[in-house]
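Student: Sequence:
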Amino acid sequence: MSDRPSLSTAAALRRSFAVAPALRRGLVITLLLAVVGTALQIVVPIVLQQVIDNEILGSGDVDTDAVVRKGLIALGAVFAAMLARYVSLRRLVETSATGLAQLRVKTFGHLHRLSLLELQQERRGALVARVTSDVETMQQFMEWGGMGMILGLAQVTLALLAMVIYSWQLTIVVMIGVAMYTGLIVLFQRVLGRAHDRVRERVSDSLAATGEAISGLETVRAYGMEDVVRDRVDDTLDAQFSAEVRTAVLASSLFSSAELFAGLLTALVIGVGVVFGQDWGLSAGSLVAFLFLVNLLIDPVQRLVETLDQAQSAGAGLRKILGILDTPIAIEDPVPGTVLPDGGLSVEFRSVFFAYPGGPDVLKGVTVEIPPGQRLAVIGETGSGKTTFAKVATRLLEAREGCVRIGDVEIDQIRSTSLRSKVAYVPQEGFLFDGTVADNVRYGKPSVTDEEVRAAFDDLGLLGWVDGLPAGVRSPVGERGGSLSAGERQLVAIARAWIADPSLLVLDEATSAVDPSLEVQIRRAIEFLTSGRTSITIAHRLSTAEASDRILVFDAGEIVEDGTHPDLVARNGVYTAMHADWEGATSSA
Numbered sequence: 012m013s014d015r016p017s018l019s020t021a022a023a024l025r026r027s028f029a030v031a032p033a034l035r036r037g038l039v040i041t042l043l044l045a046v047v048g049t050a051l052q053i054v055v056p057i058v059l060q061q062v063i064d065n066e067i068l069g070s071g072d073v074d075t076d077a078v079v080r081k082g083l084i085a086l087g088a089v090f091a092a093m094l095a096r097y098v099s100l101r102r103l104v105e106t107s108a109t110g111l112a113q114l115r116v117k118t119f120g121h122l123h124r125l126s127l128l129e130l131q132q133e134r135r136g137a138l139v140a141r142v143t144s145d146v147e148t149m150q151q152f153m154e155w156g157g158m159g160m161i162l163g164l165a166q167v168t169l170a171l172l173a174m175v176i177y178s179w180q181l182t183i184v185v186m187i188g189v190a191m192y193t194g195l196i197v198l199f200q201r202v203l204g205r206a207h208d209r210v211r212e213r214v215s216d217s218l219a220a221t222g223e224a225i226s227g228l229e230t231v232r233a234y235g236m237e238d239v240v241r242d243r244v245d246d247t248l249d250a251q252f253s254a255e256v257r258t259a260v261l262a263s264s265l266f267s268s269a270e271l272f273a274g275l276l277t278a279l280v281i282g283v284g285v286v287f288g289q290d291w292g293l294s295a296g297s298l299v300a301f302l303f304l305v306n307l308l309i310d311p312v313q314r315l316v317e318t319l320d321q322a323q324s325a326g327a328g329l330r331k332i333l334g335i336l337d338t339p340i341a342i343e344d345p346v347p348g349t350v351l352p353d354g355g356l357s358v359e360f361r362s363v364f365f366a367y368p369g370g371p372d373v374l375k376g377v378t379v380e381i382p383p384g385q386r387l388a389v390i391g392e393t394g395s396g397k398t399t400f401a402k403v404a405t406r407l408l409e410a411r412e413g414c415v416r417i418g419d420v421e422i423d424q425i426r427s428t429s430l431r432s433k434v435a436y437v438p439q440e441g442f443l444f445d446g447t448v449a450d451n452v453r454y455g456k457p458s459v460t461d462e463e464v465r466a467a468f469d470d471l472g473l474l475g476w477v478d479g480l481p482a483g484v485r486s487p488v489g490e491r492g493g494s495l496s497a498g499e500r501q502l503v504a505i506a507r508a509w510i511a512d513p514s515l516l517v518l519d520e521a522t523s524a525v526d527p528s529l530e531v532q533i534r535r536a537i538e539f540l541t542s543g544r545t546s547i548t549i550a551h552r553l554s555t556a557e558a559s560d561r562i563l564v565f566d567a568g569e570i571v572e573d574g575t576h577p578d579l580v581a582r583n584g585v586y587t588a589m590h591a592d593w594e595g596a597t598s599s600a
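Per the working numbering, the sequence shown starts with residue 12, numbered consecutively.
If you're looking for bench data, these hints aren't it; they were derived computationally from the structure. For every residue, glycine included, the Cβ atom is placed at its ideal position computed from N, Cα and C. Only true hints are included.
Okay, the calculated beta carbon distance ranges per label pair: (1) Phe252 to Pro347: 50 to 60 Å; (2) Pro347 to Arg535: 38 to 48 Å; (3) Thr378 to Thr109: 48 to 58 Å; (4) Val256 to Val346: 44 to 54 Å; (5) Gly394 to Gly584: 14 to 24 Å; (6) Ala558 to Pro368: 31 to 41 Å; (7) Pro347 to Ile225: 41 to 51 Å; (8) Pro368 to Asp310: 51 to 61 Å; (9) Gly82 to Asp310: 17 to 27 Å; (10) Ser496 to Arg257: 42 to 52 Å; (11) Ala112 to Gly82: 41 to 51 Å; (12) Gly475 to Val239: 36 to 46 Å.
Straight-line alpha carbon distances no greater than 20 Å define the calculated DMTMM-like cross-link-like pairs of lysine to aspartate or glutamate that follow: (13) Lys456 to Asp445; (14) Lys375 to Glu409; (15) Lys402 to Glu421; (16) Lys402 to Glu359; (17) Lys375 to Glu572; (18) Lys456 to Asp470; (19) Lys375 to Asp573; (20) Lys456 to Asp353; (21) Lys375 to Glu412; (22) Lys402 to Glu412; (23) Lys402 to Asp372; (24) Lys456 to Asp469; (25) Lys402 to Asp566; (26) Lys117 to Glu105; (27) Lys402 to Glu440.
Given the sequences, and given the hints that come with them, work out the whole structure.
Tutor: So this is what it looks like as structure tokens:
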């Protein structure tokens, strides 16, 4: 997944407007209010110039009434400016919150549409960072720094226009100073942008390392690797800390330069104005008003510099998010797509090839037909292609070449909702979500009640087990099913598949990681579950193959034997040798 490192912050922001249209909704009115609020601020130096030149330094006595009137005008302008800027800020906060929520949802939705291969190549912590910390960084910038940049730009523009009216000569002096400082900022911005990109990368690294250490805590303790894992996490956190410190030092240097720039520019204006002001027709009041305008110019420039740090951090996060959104969908949902028929489903592979990125073919011209209602077992050595075969059959992976048909429909023409409702895949280790047993069982069919969940366990012969839990089907399973054993998690996964009532069931040997006390229950449940429907079982134990209607033997990505258990044993081939080894291991145990 590309993190779009070459995309500038401004270009990334424009792309975000296209991806999340809510970000630009009402933006014109918001900008108009910001400009109005800024324009009203220009009233104060204008009034001040009028008071100094006409009332204080003018001929005759000071007109107190005129001073009060002009003061009230300035005060009214200040309050009106405050109101306009408040409304524009509130609108921007609402717009950014809505737009970034839209961006977060789109990013999350796109992640779920990416192929398993794409997701497996990216660390989980990094993917979590895309929809959490990266979006949060953008939100902080949009709600506060973004408004500062909008108001600052408007204030700088209007202040320059007013300054030109008072003295174009002094304005040139100011613009030369601003141009020189802006050039330095642009150069500094590039350095700061790269620094923030490194920070986002280090944040992703630390999230991934920390998440992996927590998820694998049991394995870490089992192998006494606490010190190694702790050192690894410490290294990633130290790298993040170092990157953040370096970036903070760079940003602090930029902030300090803004203060120096403000002082030098003010001193320059006073000096030039005093020396040449009279020759240029600049009155005392105009010089004072000009100094106020310089302050109005300097203040947003300083804010813009300070906001630059936030902008770079937000831009780095946005580039990471756009990298996700720009990752092409390898397995597209056909439009409109075909709906699978009711009843039993056949499966057909015709010269199917599949290879993982950068690797050799894992499936090599696989051709096989599975009629409706047949219980098929797939066996083979590790790496022979049997699990890949099962995932291609469910379109969790896309064949590189060849044709896969389910129910006489090409698999890439089947609507995804229909495919997922008719085809169920039970992995070797059933994943459970934090919630109750019932919540996990009805995951694929939310309308199912607790009573129906309990009835499903009864159908599968597992009622005694589920009723033996502290709260029955309402018992919490913990995060990732941590409150249950591996075998118990498989029982829940099997019940989940039963509730879904698929026409085609694919199981990756649900008994391979099961404790002996539950193995018999699981085997009976699987036998009931597969009865009357097409099933493909990746058999790690040959007892599963013996009970099937048909067996495929895979070797190096090819089907080398195909038949029933008695037929394959009699052939004295690969299956015969595997079965003899299995029988020997079973008898010695």
